[in-house]
Structure formats: structure tokens, C-alpha cells
Amino acid sequence: MSTRRRNEYKLHYFNMKGRGELARLIMAYAKVPYEDIRYEMTEWPQHKAKMPNGQVPVLEWKGQFLTESLAIARFLARRHNLAGTDDWQWAKIDAVNDHIGNTFNDVRPVFYAGDDQEKKKEAIDNFFKNSVEPLLKSLDKHLEDNGADYIIGNQCTLADLALFNFYDFITGAFGADRVPKCQHVAALHARIGQVPAIAAWMEKRPVTPM
Amino acid sequence: MLIETFYRQIGSEIVTNKSFKFSMAVYKLHYFDNPRRGHAELSRLILSQAGVPFEDVRFPHSEWPNMKPTTPFGQVPILEVNGQMLAQSNAIARYLARQHGLAGKDDWEQAQTDMYIENINDLLNAVAVPFVEKDPAKQKEMYGKFMTETIAFHVVAVEKQLKKNNTGYLVGDRLTAADLAYYALFSDFIEVKFGGAFLKDAPLLKSLLVRVRTSPNVKKWIDFRNSKYYPDGNE
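Protein sequences appear in the order of chains A and B.
Add 63 to a position in the first sequence, counting from 1, and you land on the number used in our numbering.
Add 4 to a position in the second sequence, counting from 1, and you land on the number used in our numbering.
Worth flagging that the hints you see were computed from the coordinates, not collected in a lab.
Among these hints, one or two may not hold up.
In the PhoX-like style, the derived pairs of lysine-lysine whose C-alpha atoms are separated by at most 25 Å in a straight line are [what the hints assert, rightly or not]:
#, chain 1, residue 1, chain 2, residue 2
1, A, Lys182, B, Lys138
2, A, Lys204, B, Lys138
3, A, Lys73, B, Lys109
The following residues of chain B were derived to be distant from chain A, with all beta-carbon distances above 10 Å [to be verified]:
#, residue
4, Phe63
5, His65
6, Ser66
7, Leu90
8, Gln92
9, Arg102
10, Phe157
11, Lys164
12, Leu189
13, Glu195
Backbone N, C-alpha and C define an ideal beta-carbon position, used for all residues, glycine too.
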């Protein structure tokens with residue numbers, strides 16, 4: 064492999080999964096080498112000013128910076144064959160990815176509850192009842208209507224990796240027992256987890272709480 | 005005749021421009037009748053700037069229970085194209101931008117257009133919190149923080165990007181959906197609600213907003229929609 068091809072991308076993020084993990088999963092699945100830069104919280108202040116928005120994740124490509132986790136995910140998906148076969152399909156994949164992203168945002172009240180255990184429990188219950196369950200149920204139906212293998216079309220796309228990432232997050236953060244039982248969603252998660260490139264990444268990636 | 009209905013809907017002749025593409029696709033954009041801009045407005049701006057006719061469906065909330073199960077994720081806006089449905093306001097906006105020449109000229113520009121739409125989405129999520137706050141004193145405090153911290157910080161960052169790009173536009177050398185998204189939040193919402201003081205140290209952003217607002221097709225849309233949907237003045 065030529066050194067030019069190596070590390071076409073650098074991903075700047077914290078040492079966690081969070082909003083960086085979807086990009087990492089895409090690059091793992093597509094077998095794209097990249098520099099996985101992880102900032103510890105203590106060193107972050109020195110690097111913050113370098114980022115266009117003062118935020119991460121940032122994708123560095125050919126010396127240019129792209130911010131916003133979903134813009135990064137879409138850019139990588141388009142470049143690495145995870146964007147479906149035509150523009151309408153890509154739009155639908157985009158919509159699923161956005162929907163999952165919005166549901167991710169709904170978890171924030173859980174963190175705002177802090178140490179207040181009762182408030183936290185209520186926030187978690189709300190999150191699962193009002194956000195997670197409707198999302199997984201509707202994606203389960205999408206999968207069923209599409210012949211069960213992929214959410215959109217006939218091959219793995221950004222939508223499937225986004226669902227995998229979300230499922231992985233809630234299982235890790237709240238426990239597998241909390242996750243609503245949705246047959247096709249669970250099967251998709253298992254199947255993607257067994258793709259060699261993904262299994263290898265899950266094995267190799269740093270273990271972090273989130 | 006169907007085409008006539010569309011022309012009447014947008015209340016004016018189509019102003020053709022270089023990016024106009026006559027599309028055989030028939031667009032129906034579905035959204036509530038209230039809010040009158042909300043999550044549908046960016047797509048309306050994109051379609052208008054591109055000179056593309058569309059059916060601007062605004063339905064009363066009473067119809068929503070019947071409509072909801074027919075949508076992919078139980079939400080609007082929905083773009084209906086030749087009988088198929090697309091959900092998620094930003095996925096719709098991105099699709100329309102790509103179809104009609106408003107998503108940059110190459111893949112990196114498309115990613116940047118994307119990035120700016122995401123920025124706006126983040127700011128919308130941030131302002132949603134005070135927007136729904138019931139306690140007036142608390143709401144005032146939250147809005148204050150939103151302006152002096154969140155918006156102030158972002159305006160500095162985007163002014164820097166505008167300076168770096170040096171074309172007067174956010175992406176590349178012409179108007180894209182990114183500029184329209186900034187107009188939709190900063191002019192249609194923030195300037196209306198909080199005034200324009202926050203732009204005093206951001207001349208490039210300020211002139212971009214004016215450039216968007218006075219761009220012929222956008223201006224036609226704004227004038228039409230304001231007279232039709234805000235007869236008592238903007239809200």
C-alpha cells in the first residue's frame with residue numbers, strides 16, 4: 064500500500080464513541096485507513112481553537128476541515144459505496160440517518176438529570192418510551208417491508224450502519240434488557256456485528272463508557 | 005390544469021435562471037399550516053430559488069391524526085414525489101438542493117453545504133429549549149444566553165469561514181442551500197425576534213443575508229409568502 068493512499072483521512076474526536084463512532088464504523092466497514100485522533104478532556108482546550116467550530120468531530124481531508132458528525136458520515140458514505148444506487152434511494156437513507164440522529168439527541172435529558180436518581184430514571188423511561196421504541200418499531204417495519212436484510216435497497220448503506228451504531232450505544236449505555244425486542248432490528252445488528260471488518264473494529268477499538 | 009395550479013400557488017411567474025431545470029417530477033410538500041415556516045421553509049426556499057414549481061400543502065392540525073400513519077416516521081414535513089414519500093426536513097432539503105443545482109459543484113462542496121445545514125440544525129435544537137419554556141422569566145434568561153453565548157460564538161466562527169472563502173457565499177462562488185439555511189434562521193427568526201445587533205461585528209454575514217433576501221427568486225417567494233400567510237406582519 065503506498066503511503067499516499069494510507070491515511071487519506073484524519074478524524075479528530077474525543078476518546079469516546081459518541082458522535083465520532085459512526086464515521087469510524089463507516090471507515091471500518093469500507094476498510095479505509097485513517098488516523099483516529101482522540102483527545103483526552105485534559106488536552107482538549109489546547110486543540111479546540113484549531114477546529115473551525117471549536118467542536119469535534121472534525122474530518123481532515125487534503126488539509127481541509129469538515130465539521131458536523133452527520134455531514135462527515137454522509138461525505139464518507141458517498142465516497143465509499145454506502146449511499147445506495149440512486150439519488151432517491153440516497154435521500155431515503157439520509158432520512159433514516161437523520162431520524163436516528165434526532166433520536167440520539169433525545170438522550171440528553173438523561174445526562175442533564177445528573178446524580179438525581181429519580182429524575183434520571185424518569186428521563187430514561189421517557190427516552191425509551193417516547194424515542195427509542197417508536198424508532199426501533201418503525202425501522203423494524205421498514206426492514207420487514209424491504210425483505211428484512213437492509214433498511215433501504217439491497218446492500219448495506221449508511222442507514223444500516225447508523226442503526227447498528229445506535230443499537231450498540233443503547234445496549235452499552237442502558238443494558239440489552241432495556242432494548243425493545245424488535246426481531247428484524249436485532250437480526251440486522253447481529254449480522255452487521257459479524258461482518259469481519261466490523262467485528263475486527265469492535266475488538267480493537269478502545270473501550271470507553273460512551 | 006395541474007401546472008396552472010402550481011403557478012397560482014406561488015403567485016407569480018417562474019423567474020428562470022441558470023440553475024432552472026424543468027423536472028418531470030411533481031413535488032408536493034406537506035406540512036402543518038402552523039407554524040407557517042417551521043421545518044418546511046428551507047425546502048420552500050430551495051424550490052423557489054431554483055424556480056421549480058411545487059404544491060405547497062399546508063394542512064390543519066385536525067387532519068394530522070389521519071395523516072400521521074401514512075408517513076414513514078410519523079412526522080412532517082414530507083416530500084411527495086410521483087407517489088413516493090420522503091421524510092426528514094433536512095434530507096428533503098438536501099435532496100432538492102442536489103436535484104436543482106444548489107448543493108455545490110463537487111463532492112467536497114456538497115459536504116460543506118451539508119455541514120452548514122447541520123450548523124443551522126444545531127442552532128435550531130439549541131433555541132428549541134427556551135422556545136418551549138413556559139416560565140417567562142426563565143425563558144428570557146435562556147434566550148439571553150442563547151444570543152450572547154451560542155449565537156455570538158457561532159457568528160464569529162462563520163464570519164471567519166466567509167472571510168476564508170472570500171466569495172460572499174458560504175460554499176464555493178455562488179448561492180447554495182447553505183446560504184438559504186442561514187437566511188431562514190438568522191433573518192427569518194433571529195433578526196425578527198432579537199433585532200440585528202448581533203450582526204454588528206459580522207459584516208460578511210450581514211451582507212450575505214441581504215444578498216439572499218434580495219436574490220430575485222427568493223425575494224419573489226418572500227413577498228408572496230408574507231402577503232399570503234402573514235397579512236398582519238411577520239411572525
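The hints, checked one at a time:
For the given pair, A/Lys182 sits about 19 Å from B/Lys138 by alpha-carbon distance, which is consistent with the 25 Å threshold. Between A/Lys204 and B/Lys138 the alpha-carbon distance is near 37 Å, which puts this suggested pair outside the 25 Å criterion. Distance restraint check for A/Lys73 and B/Lys109: the Cα-Cα separation of roughly 24 Å lies within the 25 Å cut-off, and the hinted pair is therefore satisfied. The claim that B/Phe63 is not at the interface with chain A holds, since no C-beta of that chain comes within 10 Å of its own (minimum 20 Å).
Against chain A, the non-interface label of B/His65 holds: every CB pair exceeds 10 Å, the least being about 19 Å. In this structure B/Ser66 is separated from chain A by more than 10 Å, as the shortest Cβ-Cβ distance comes to about 22 Å. At the 10 Å boundary, the C-beta of B/Leu90 falls inside the reach of chain A, the nearest C-beta of that chain being 5 Å off. For B/Gln92, the non-interface assignment is contradicted: its Cβ lies about 4 Å from the closest Cβ of chain A, within the 10 Å cut-off.
For B/Arg102, the shortest C-beta to C-beta distance to chain A comes to about 6 Å, within the 10 Å cut-off, and the non-interface label is violated. Distance to chain A contradicts B/Phe157 as a non-interface residue, since its nearest Cβ pair spans about 7 Å, not more than 10 Å. A beta-carbon of chain A comes within 10 Å of the beta-carbon of B/Lys164; the shortest separation is about 8 Å. The beta carbon of B/Leu189 sits about 15 Å from the closest Cβ of chain A, which is more than 10 Å, so the claim that it is off the interface holds.
With a least beta-carbon separation of about 22 Å from chain A, B/Glu195 lies farther than 10 Å from that chain, consistent with its non-interface assignment.
Checked against the numbered hints listed earlier, the structure breaks hints 2, 7, 8, 9, 10, 11; every other hint is satisfied.
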